[in-house]
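> The primary structure of each chain is shown beneath.
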Amino acid sequence: MIRNIVIGVLAIGVIGLSVFAYNSNKEKENFLTSVENNYQRAFHELTYHMDLLHDHIGTSLAMNSKDSLSPQFVEIWKVTSEAKGNVSQLPLDLVPVHDTEQFLHEVGNFTYETSIRDLDDDPLNKEEIQTLEDLYEQSAEVKDNLRKMQHVTLNDGLKWVEIDQLLADGSEEEHEIIDGFKAVDEHIAKFSEQKNPLLQSVKNEENKYGLLKEKKESKESIEKKVRQLFSIEEDQPLTVTKSEQDASIQTYSFTSELDDLYMYVEMTENGGYPLSLLIDRDVNDATISLYDGQIKAEKFLEDFDFETMDLYETQQFQDVGLYKFVHVQDDVRIFPDTVSVKVALDDGEIIGLQAYDYVRNHHDRNIEKPKLSKKEAEKKIHENIQIEEDNLAIVENDRGDEILAYEFIGTMNNDTYRVFIDAKTGAEEKIEKLSNKEMNFDMMG
Amino acid sequence: MKKRYYILCWIVPFFFMSMFAPLKSDAFTDQVIRQGAVGEDVIELQARLKHIGFYSKEIDGVFGWSTYWALRNFQYEFGIEIDGMAGSTTKEKLVKATKYDPEQTKKEMYQTTNQPTTNKQVQNKAEVTPTATNVPHGFSQNDIKLMANAVYGEARGEPYEGQVAVASVIINRVKHENFPNTISGVIFEPRAFTAVADGQIWLTPNKTAERAVLDAMNGWDPTGDAIYYFNPDTATSPWIWSRPQIKKIGKHIFCE
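Heads up: the protein sequence lines correspond to chains A and B, in order. Residue numbering for the first sequence follows our numbering, beginning at 1 and increasing consecutively. Residue numbering for the second sequence follows our numbering, beginning at 1 and increasing consecutively.
Hints are computed from structural coordinates only; laboratory data are not their basis. Because the structure is a prediction, the values reported are computed rather than measured. Using N, Cα and C, we set each Cβ at its ideal position, and we do this for glycine too.
Below 27 Å or equal to it, Euclidean Cα-Cα: the simulated DSS-like pairs (lysine-lysine) are: (1) Lys248(B) <-> Lys216(A); (2) Lys437(A) <-> Lys175(B); (3) Lys175(B) <-> Lys430(A); (4) Lys369(A) <-> Lys380(A); (5) Lys213(A) <-> Lys242(A).
Computed Cβ-Cβ distance ranges for the label pairs, DEER-style: (6) Glu256(B) <-> Asn37(A): 33 to 41 Å; (7) Asp233(B) <-> Gln386(A): 54 to 62 Å; (8) Gly400(A) <-> Gly199(B): 39 to 47 Å; (9) Gly400(A) <-> Glu256(B): 17 to 25 Å.
From chain A, some residues computed to sit far from chain B (all C-beta separations above 12 Å): (10) Leu10; (11) Ala11; (12) Lys66; (13) Asp67; (14) Gln72; (15) Glu137; (16) Lys369; (17) Lys374; (18) Asn391; (19) Gly400.
Put together the whole structure using the sequences plus the hints.
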């Protein structure tokens, strides 16, 4: 009797367990399938987009009319962006698809730049047509390789989740898909070795490293400077780390832990300038105003020998004030030379400094007189913008060149805009909508 | 110009009215209110400027550009030095020329944002809380939350600058041509971050992670423009070692 009961209970247990195991296994499978399907979609779309890209480039080569050429370039640009989206959804980890992404970016950039140009006045030149022809050939190779891979994956039923698993375990095992992508990438790397200047966006770095031309200082002398600048006692230990060899700016970082705060200071090796300061601590309720904080920040910059700085933006984040300053030379605001300061509004302590741009760009500039008068520049602005404030300013354009411009701040339909007008050519160099606030979502019920 | 005279016509009777009205005791605190500020004083400032017709946007307690222009126009009309800041003279004139009823303002504020009055923050009757907040240029509070999750999942054991560094890498990737152009695109790129892959991103982040994200969004970048980082003890890919190294912060090596 008892034996039968025991058998019965065990039997129910076994059945229950197997139902449970079956269900959870089923669930896991469903889940894996849905993940796999997402990967599959991204991959098949990628092959399609690459095919389309190749066709579109080919078509553009055959086009004669300028009216159809510009839209075609826009189309190519769109396809590259979609293909990039596909690549970013594949679980490729660090399997280098770097060059593939770079290739897509370059094609997109080149066609975008050409599409916004007036091709009637400035038709494609020989080099540009040659570049298109090269891209046509290269995209053929990429698309063929991808189509071959697609064929293999479909035929052999290869799974992307397997790659995911392989990469997660860090195993060195070979996988056809990974090898396929590596091959594509190597191909592309080969073309980009023959650097085509038309495909590279070259930035003017001539004026960079303004303060970094000064001579190197020793670790000891910089540490001494840090202790003096931030009044750190001799017995307070400082941990020092030197930047690695490939850093574009060589620095020493110092960290120090006090009772209730943590301090991080980064100094340049050349010239020993403070690049960044971060103090992490709990900030209590504000007792001083944002305006009082501004005075502290200004005093701090003066003590640190930053030359004539103008406050151009301020924001309060809870109980911390953030102040952005721009350097002023001969009444011209030098926007490449900016510094930010953070002030804790509970006791007015400086808890952050950020001077990367200032250190990188600051130098004495030879500022020319503007060719356009202010009145002439104002006429270049949209007629509905009501101008409220203006300044002369130096800004960087897309190519990284510094240009003299009029900075206008004006309003239109309740919004505020900052417009830079080139003081030489009258070109509308940059327009920003100035808005840094948002409805507080935590306040909603 | 015409509009300004029109406003003056409104102002003059208010002047007379205010001469007889008893001065409210709950006027501004004695701080100088400047652009960028947040809080009750800003609410009062906006309410008063709105009352007198200089400010037309919603009262939200954040001193933004609209408040700035409204205040400057007020200063212009009242012959005060135009600096866009509410110092003692400006506040005095404002208090004289306008009325401020905190209860009424509160009602107005929470109505326009469709907020139920049962909200916990509104229950305290004496206090009027801003309905808006400052955010770093180009980011939303939700971006901050999402990134704080990622930073906490990836680097909660790291020193503070190491957490700012991880946030910086995310931002540097958004700007970089070879990566997706959105924060969520970068964070959720398959296999880009281990904390995303193993679900640690959904832990509740602490204040430190949030502060680190805010610093990174406001331009602090301890990595020197890095777009990759790895932990040398656990990195499995030989490829990552081939990247040019910029800096070592805590357990992570940051590279180009």
